[in-house]
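Visitor: The task is simple: from the sequences and hints, build the whole structure.
Protein chains in written order, with this note's numbering: chain A, 1 to 234; chain B, 1 to 234.
One thing to keep in mind: the hints can contain errors.
Derived pair list, reagent style EDC-like, types lysine to aspartate or glutamate, alpha-carbon separation capped at 16 Å [as the list claims (entries may be wrong)]:
(1) K191(B) / E49(A)
(2) K192(B) / E49(A)
(3) K191(A) / E49(B)
These are calculated hints, taken from the structure and not from any lab test.
2 protein chains.
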Amino acid sequence: MKTNLYFQQLFEGESSTYTYLLADQASGEAVIIDPVDVTFERDVILINELGFKLKYILETHLHADHITSAAKLKEKFGAQTVISSAAPVTCADKKVGQGERVSFGSFILKVLSTPGHTETCLSFYLAEMSMAFTGDTLLVRGCGRTDFQEGNAAKLYQSVHSKLFTLPDSTIVYPGHDYQGFSGSTIGAEKKHNPRLGGGKTVQEFKKLMGDLKLDPPKRIQEAIPANLQCGNV
Amino acid sequence: MKTNLYFQQLFEGESSTYTYLLADQASGEAVIIDPVDVTFERDVILINELGFKLKYILETHLHADHITSAAKLKEKFGAQTVISSAAPVTCADKKVGQGERVSFGSFILKVLSTPGHTETCLSFYLAEMSMAFTGDTLLVRGCGRTDFQEGNAAKLYQSVHSKLFTLPDSTIVYPGHDYQGFSGSTIGAEKKHNPRLGGGKTVQEFKKLMGDLKLDPPKRIQEAIPANLQCGNV
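Guide: This is the structure in structure tokens:
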């Protein structure tokens, strides 16, 4: 591993959300992906202990199951909030779309537009380290649901197949959530073994499978979406 | 990262245990560290999907909070079970102590004897990848308790300071448990920020701190220890 990348995966158990902290240890510049309100204090202590300068707070999408700590982290560290250019959010400092780049120190995250779970879903690809932060678009042996927030199964299928499964097989998949204890996977493994999207599943099969799920709404959707439209500033 | 190491961290939520799967992708030889009975099926599916040949099942110690799946994995894959030479366990295929080596493909795990949480605690060091699997000896911003199973705070302090804090600062610490959502840390960060063992804490301070904890016994201790003395063959 290139020794000047600092990488830490963090878990928030209430919503089973993964937050990621990445930093260029040479310059101290850091980014955090999908931070959660209830783990704000933990993350502040961690960033301060490590002495990083938080530059960007990235959202993979407008979350429905938890409230972001973006606004609080911005206030604490003076970092900029970043979200999809498709998101109806006026509080974000920077809006990004397909092919744009977000840098910290010498590292560059490439933005991949991967709608389907929601219309505003992004993935972030750190090619140099073979890491992809796939949000709720691609989960380990699963994927995000597609039944609200302009979710669209055909779009999700297309996003995964055209933007993620075209990455090198050895790319490590770091998902936005996990409910089974998986911390990550690889693109190669998901292409073969993802029961919804891999192993040659067609878009028709995928649409039927997603349509048949009949899930309850996320518990906190009524408070989470309005709060996240304000960058968590509630 | 050397591309022929496969590495996966796995979480078991009931006991907040981390299990680790490592494999040499060139030969397919794999080891698993601290597998848990309740996640046996998940781990079998994963190993089979990835096509690995499980060679060793390693225990960092005789666990008191969960039952190992070692015997079941051994039966399934024909792998050998490995535990500390200090453990009063007759079912293990291989017993190891300080300085011994456990290999899978071209990779070598060096055994570090790190008693203190229990008398049988080991850590495993993969120098080539700067990874240390520290079991319950060193946790992220914490450590294992020292009030049962011949636990001894002075020994734990000595183990951490002589065997773990002497590793390079950039070594990634992969703990046996976490309760706060940390997936790992580094030796450098723990030397500075571990509130029990870092930042210049003396052995006297540490012994007082551990003595004052007054913790309830682990919920499953009465079933876990007898079961683990049989390699989980219950």
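Visitor: If a hint holds in the structure, say so; if it doesn't, say that too.
Guide: Right, here's what the structure says about each hint:
no.	hint	in the structure
1	K191(B) / E49(A)	holds (12 Å)
2	K192(B) / E49(A)	holds (9 Å)
3	K191(A) / E49(B)	holds (12 Å)
Checked against the numbered hints above, the structure violates none of them.
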